[in-house]
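Q: Sequence:
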Amino acid sequence: MAGDTYVEVGDYAMLYAQESYFPDVLALFTEVERAERPLADDDDWDSGFFGYTSSSGAVLDRLQAQGFTADRALAEFGTAVAAWHDHAPKLDPDVEELVPKIGVAELLRQLGTAVTDPNHWRTLPTFPEFEIVDEMPDPRFFLRVVLDLAGDRHLPVKYNLSRYFEGVERSTAHTDKVRSELLRDMPHSMPMIVLTEGTADARILAAGMTITHPHLVDFLRFMDFSTKAEGGVGALANLVKSLAAAGIPNHVVAIADNDTAAHEGLANLKSAALPANFRVLNYPELPLLKAYPTLGPQSDTPVLMDVNGRAGSLEMYLGEDLLTLGGQQAPIQWMGYSTKQKAYQGELVTGHKKRTQEAFQEKIRVANGPGGIPPGQDWSGITAIIGEILSAFD
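To convert, note that position 154 of the sequence shown is 154 in my numbering; the numbers rise steadily by one, no gaps.
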């Protein structure tokens, strides 16, 4: 017979469900994270485990990718507390309420203590989790609040399904199954779609994400132009307009180079009235690019300049290790002038763009090796881009 299920964040158990489970919460895990421990010899029921185990950081990033941001979660928490107060039973209109109106700040304090103190059950009053979650539109908002209060990205997060799935049921790929079911009906459970300027950018970012954010592989989808769709910033703008007009429910992030041409090409789109589930971005500013060698007609000697916003093509985000040759950074060559942006367009000197892309493939291969990311590899640029995408709906 099916029994209770619950989520564990560190030592704190939450989101209990009797003879059921929360499919949208289970969909935050993947089959790679399936975990099973058989019963001990003494047949102690609690010694066994079947469910899924991830980390707080991975689940936080997945929630962020689905639009469950910290601000939204806190807002929904406050709304749920107010609704709970309104619906709480009263002894009599003229006397004190049966359930005291505990404020949001105090409830968050209690919850934070419960999450971070393994002995919370000894010192805290009963926290009204069931009442608050019942007033929320989605239990993932409550999970987001708890993970933010925990403040530790390495904390284990488990979905304990031991008493629900038994025997042959455990062979089913449950996370894949619930995601497929939810994708039909729930936009927040759909992967975020990331649009880039072309095939190379999409493939590079998707490959880089497997190193810096492997836990997001099933949650971010990079549009691949391998079907010979037109590339470039103009095509990107047209694709955004087409998808917006089609009314697709996914969160969509269009992201382009951090250079003069891309800023000019996306200017009109950024000011256009797009659906709330669309965002248009450029790659973020990078510290490496604040003082970078450049070549112009005024001098044969490289001049250090801040090239953010004027020469930040994707190759500039593939790592300082790939941009350095013989101890010197491959310089930026200033090209045509944009009267709209009042700035020159900068590009890596001839040959370095292709060389950097090819070197990145080898960098991926090495990082995927048995030793993991070796010392000296710089992944700060890819990390910054994925971070920019994740924060697009903050």
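Where hints are given, some of them may not hold.
[To be verified] Here are the simulated distance ranges between beta carbons:
#: 1; residue 1: 338; residue 2: 104; range: 43 to 53 Å
#: 2; residue 1: 18; residue 2: 177; range: 14 to 24 Å
#: 3; residue 1: 300; residue 2: 154; range: 47 to 57 Å
#: 4; residue 1: 247; residue 2: 374; range: 41 to 51 Å
#: 5; residue 1: 152; residue 2: 104; range: 54 to 64 Å
#: 6; residue 1: 247; residue 2: 365; range: 13 to 23 Å
#: 7; residue 1: 337; residue 2: 79; range: 46 to 56 Å
#: 8; residue 1: 301; residue 2: 173; range: 31 to 41 Å
Worth flagging that the hints you see were computed from the coordinates, not collected in a lab.
Cβ coordinates follow ideal geometry from the N, Cα and C atoms, glycine included.
Q: Take the hints in turn and mark each one as holding or not.
A: To see whether the hints hold, each was checked on the structure:
1. Distance hint for residue 338 and residue 104: a CB-CB separation of about 49 Å, consistent with the stated range 43 to 53 Å.
2. A beta carbon spacing of about 21 Å between residue 18 and residue 177 agrees with the range 14 to 24 Å that was offered as a hint.
3. Between residue 300 and residue 154 the Cβ separation comes to about 51 Å, which falls inside the hinted range of 47 to 57 Å.
4. One distance hint, 41 to 51 Å for the beta-carbon pair residue 247 and residue 374, holds here, with the actual separation near 46 Å.
5. Separation of residue 152 from residue 104 is about 23 Å and departs from the stated range, judged on CB atoms against 54 to 64 Å.
6. Residue 247 and residue 365 have their C-beta atoms about 40 Å apart, which leaves the hinted 13 to 23 Å range violated.
7. For residue 337 and residue 79, the hinted distance range of 46 to 56 Å is satisfied, since their beta carbons lie about 51 Å from each other.
8. Checking the proposed 31 to 41 Å range against residue 301 and residue 173 shows it is violated: the Cβ atoms sit about 60 Å from each other.
The structure fails hints 5, 6 and 8 (numbered hints given earlier, in ascending order).
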